[in-house]
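Put together the whole structure using the sequences plus the hints.
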Amino acid sequence: MNNIKNGVNTILIALCAVFTFASCDYNNPDEPSMPDYSPDIKRTHSITELKKLYKTGGTVIKDAVIIKGKVSTDDIEGNFYKSLSIQDETGGIEIKLAGSNLGRLYPQGSTVVVYCKGLVLGQYGNQINLGYKAAEERYENAFIPEFQIPQTLKLMGLGKVSPRILTIDQLDKKYANTLVTIPEVQFVKSELGQTYADAANKEANKAINRTLIDKAGKTVIVRTSSYARFAGKRLPGGSGSITALLSYFGNTAQLYIVYEKDVELNEPRF
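All the letters of the sequence shown, read from the start, carry residue numbers -22 to -1, 1 to 248 under mature numbering (1 follows the signal peptide of the UniProt record, and there is no 0).
Calculated from the structure, these hints are not laboratory results.
Keep in mind that a hint or two might mislead.
Unchecked claim - Derived DSBU-like pairs (lysine-lysine); straight-line CA-CA distance at most 35 Å:
id, residue 1, residue 2
1, Lys151, Lys60
2, Lys60, Lys184
3, Lys30, Lys40
4, Lys40, Lys151
Everything numeric in this text was worked out from a predicted model, so none of it was measured.
Shown next as structure tokens:
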């Protein structure tokens, strides 16, 4: 009888140990391991070549197309949502992703390859983007599901992305979805004292346009989400340079700030 009781106790102790270990493992998961970089993966298409596959109504990519580029955006400061842009020497493209904290997975400047087979090229505001098959016909594509992101985007390595230095007059659609630096600009006088966006009324005003001007009188829009961390901060009153993602809505150029620190308007106004 004692042997049976001792056997039961042994089993119970073993089970408790198993559950305790499992509980500890669940509540304190291991730190994620470093990714297995594969820098030798070759692209089949440049970003510009990929975009040329687009046809009105949306285009499903049926072949084993691979693009490669550097990440130009970061969602950490809230000015990008479910969106990541990459660029190569030929241009840039927005990738629509149903995920958050994308900047932690794919930091700005990191090199990624994108497996495009099964994805869908769509268009919004006359700008081609890459996404997933849409459930509703009125949309050309949708966000790539979160579970599919690790299989679609592979991190090749960390690094930096170099912005292209352009004047406002040199902005062009061929540079869309790439990082640019525009020197010698300032916010127009009529907007001084205002904030980047409308942090107090996010639902009513999801994004706000402000205007930069250069010494020649050329202007460009700076568009900021009211959900951005810096949305409620006042526009800097000086002149200088700005580094941001260049985008287009129709024929209108728009700048999207990635990091507030990239707005370096610290010099006297001109």
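Now for the hints, and whether the structure bears them out:
no.: 1; hint: Lys151 with Lys60; in the structure: 22 Å, holds
no.: 2; hint: Lys60 with Lys184; in the structure: 15 Å, holds
no.: 3; hint: Lys30 with Lys40; in the structure: 14 Å, holds
no.: 4; hint: Lys40 with Lys151; in the structure: 27 Å, holds
In summary, this structure violates none of the numbered hints.
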